[in-house]
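Peer 1: Okay, here's what each chain looks like letter by letter:
Protein chains: 2
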Amino acid sequence: MKDKLVVVKIGGNIIENESLIEKFLMSFVKIKDKKILIHGGGKTVTNFLKKINVEPKLVNGRRITDNKTLDVVAMIYAGLINKKIITKLQKYNCNSLGLSGPDCNTILAKKREVKKIDYGFAGDIEKINKKFLKQILDLGICPVICSLTHDRKGQLLNTNADNIASKISIELSKKFNVVLNYCFDKSGVLINNQKQDIISAKDYKKLIKKNIIVDGMIPKIENCFSALKNGVNEVYIGNHQIINNKKNCTKLTL
Amino acid sequence: MKDKLVVVKIGGNIIENESLIEKFLMSFVKIKDKKILIHGGGKTVTNFLKKINVEPKLVNGRRITDNKTLDVVAMIYAGLINKKIITKLQKYNCNSLGLSGPDCNTILAKKREVKKIDYGFAGDIEKINKKFLKQILDLGICPVICSLTHDRKGQLLNTNADNIASKISIELSKKFNVVLNYCFDKSGVLINNQKQDIISAKDYKKLIKKNIIVDGMIPKIENCFSALKNGVNEVYIGNHQIINNKKNCTKLTL
Numbered sequence: 001m002k003d004k005l006v007v008v009k010i011g012g013n014i015i016e017n018e019s020l021i022e023k024f025l026m027s028f029v030k031i032k033d034k035k036i037l038i039h040g041g042g043k044t045v046t047n048f049l050k051k052i053n054v055e056p057k058l059v060n061g062r063r064i065t066d067n068k069t070l071d072v073v074a075m076i077y078a079g080l081i082n083k084k085i086i087t088k089l090q091k092y093n094c095n096s097l098g099l100s101g102p103d104c105n106t107i108l109a110k111k112r113e114v115k116k117i118d119y120g121f122a123g124d125i126e127k128i129n130k131k132f133l134k135q136i137l138d139l140g141i142c143p144v145i146c147s148l149t150h151d152r153k154g155q156l157l158n159t160n161a162d163n164i165a166s167k168i169s170i171e172l173s174k175k176f177n178v179v180l181n182y183c184f185d186k187s188g189v190l191i192n193n194q195k196q197d198i199i200s201a202k203d204y205k206k207l208i209k210k211n212i213i214v215d216g217m218i219p220k221i222e223n224c225f226s227a228l229k230n231g232v233n234e235v236y237i238g239n240h241q242i243i244n245n246k247k248n249c250t251k252l253t254l
Numbered sequence: 001m002k003d004k005l006v007v008v009k010i011g012g013n014i015i016e017n018e019s020l021i022e023k024f025l026m027s028f029v030k031i032k033d034k035k036i037l038i039h040g041g042g043k044t045v046t047n048f049l050k051k052i053n054v055e056p057k058l059v060n061g062r063r064i065t066d067n068k069t070l071d072v073v074a075m076i077y078a079g080l081i082n083k084k085i086i087t088k089l090q091k092y093n094c095n096s097l098g099l100s101g102p103d104c105n106t107i108l109a110k111k112r113e114v115k116k117i118d119y120g121f122a123g124d125i126e127k128i129n130k131k132f133l134k135q136i137l138d139l140g141i142c143p144v145i146c147s148l149t150h151d152r153k154g155q156l157l158n159t160n161a162d163n164i165a166s167k168i169s170i171e172l173s174k175k176f177n178v179v180l181n182y183c184f185d186k187s188g189v190l191i192n193n194q195k196q197d198i199i200s201a202k203d204y205k206k207l208i209k210k211n212i213i214v215d216g217m218i219p220k221i222e223n224c225f226s227a228l229k230n231g232v233n234e235v236y237i238g239n240h241q242i243i244n245n246k247k248n249c250t251k252l253t254l
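So the protein lines, in turn, are chains A and B. If you use the working numbering, the first sequence corresponds to residues 1 to 254, in order. If you use the working numbering, the second sequence corresponds to residues 1 to 254, in order.
Keep in mind that the hints are not guaranteed to be accurate.
List time: in silico EDC-like cross-link candidates among lysine to aspartate or glutamate, alpha-carbon distance up to 16 Å [to be verified]:
hint, chain 1, residue 1, chain 2, residue 2
1, B, Lys-127, B, Asp-151
2, B, Lys-202, B, Glu-222
3, A, Lys-84, B, Glu-222
4, B, Lys-84, A, Asp-151
5, B, Lys-91, A, Asp-151
6, B, Lys-84, A, Glu-16
7, B, Lys-175, B, Glu-234
8, A, Lys-91, B, Glu-222
9, B, Lys-51, A, Asp-71
10, A, Lys-202, A, Asp-185
If you're looking for bench data, these hints aren't it; they were derived computationally from the structure.
The shape of chain A in the complex, shown without the other chains (with noise of 0.2 Å):
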């Protein structure tokens, strides 16, 4: 029989309010099976940049991720956020490791290519060091990991911190059985203003047709239904609170 391994991605509205950051921790600790964090930094890198004019740059939402940009990303990422998070969980006696990319090459990534669009330091994801994380895993600890990456070539990239999450359970779900959380700001996905318990991949097919899901939403659910048919055992999409109730987000099948 495998362990059970919960991983936990959450977003930038969890991470920009410290009240919510701090609900979902205390209810992250008390996760008794082996755990692992997921985090970006979401907006609290817009505004920074503005702080230092540097003009934030996006293109349908994704960020282009200039030499400034990616000194902002990292040391919003790799320092402010994730030194809090792993502060508090050890507070909770939650025995925590902050991650990056380039650590232990958690991550290998390849830099973008350019096509229409330069994105810049972005990466897309080549390889996880399963080994290393089980080894950590082993040991009783929990990984906290931030969305940077590293080529090994010498080069730190920025990555969809959705595509890590899925990337990571898939590679652990040979060694666990995985339970993958996106945790966001609202409680599972909407349709109408309703919340959806279940979508399965028929139903998201007939959503996409009919533009009912849209932007944003896309490769979010991409990113579950990939995870689904790799290995992952459940993933859920939802709010702060998707720890302790399953009532408060959608779950997705095959």
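We have chain A already, so just place chain B on it with the hints.
Peer 2: Chain B alone, transformed into the frame defined by chain A:
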């Protein structure tokens, strides 16, 4: 026989200079023994504070760490500098892991008591997690530790990197034969502009009495002698060439 462990602390001037850090890291990766790198952030923090219109506060060269300064310290140390170093080390096939005090409780500290001066969120070291550091070293991984600590009550703290290097070397000297290197902008301890090959504890007492060793060099050398008195085998102070060329440094002896 205990294994050899090389501990190197690098100072601000190396970190701030792209070509110096590259040269330093290229010689650091050639160390075949187990090794640990320790860094702070030096002037990068001061420069950044000015950029976001926060006045850096220093008393006798020591930083007063208020809330905003602590955020910048976390961003620069654990984010920008640590991740750049790790990314470069991985390029040279040196498998490294970035750590700060809260990560796996590597360094537990206590907020400095307010006496004459309120240093804000400055931490004095209480405990090093040598068991975890040994586990990481035994996995063939090089820890790269930035000078942040925590109090295990949820508070991140800013801590002197020289002091961290000394305390970690002392703790690990129970498990390893430790050689500690303090790497800064000069090729050793200078007296009347003459680089000293050796300074003994006896010499040091005389030099202090005569006011020849003053200011910032005093706590640095105190850290060296404290290490030697508490189990560390060898201690050197020198410039970025300290690893290759022991002529470019001063050896401290009891």
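Peer 1: Would you mind marking each hint as holding or not holding in the structure?
Peer 2: Here is what the structure says about each hint:
1. For a cut-off of 16 Å, the pair hint linking Lys-127(B) to Asp-151(B) stands: about 10 Å separates their Cα positions.
2. Distance hint between Lys-202(B) and Glu-222(B) is fulfilled; the C-alpha atoms sit about 13 Å from each other, no more than 16 Å.
3. Restraint check for Lys-84(A) and Glu-222(B): the C-alpha separation of about 32 Å exceeds 16 Å, so the hint is violated.
4. Taken as a hint, the Lys-84(B) and Asp-151(A) pair is honoured in the structure, with Cα atoms around 12 Å apart against an allowance of 16 Å.
5. As the CA atoms of Lys-91(B) and Asp-151(A) are separated by approximately 8 Å, the hinted pair is consistent with the 16 Å bound.
6. Straight-line distance between C-alpha atoms of Lys-84(B) and Glu-16(A) comes to about 25 Å, which puts the hinted pair past the 16 Å bound.
7. Our distance criterion of 16 Å between C-alpha atoms is met by Lys-175(B) and Glu-234(B), whose separation comes to about 15 Å.
8. In summary, the hint linking Lys-91(A) to Glu-222(B) is not supported, as the alpha carbons are separated by about 32 Å, beyond the 16 Å threshold.
9. This hinted pair checks out: Lys-51(B) and Asp-71(A) have alpha carbons roughly 14 Å apart, not beyond 16 Å.
10. The hinted pair formed by Lys-202(A) and Asp-185(A) fails the criterion: a straight-line CA distance of about 25 Å is larger than 16 Å.
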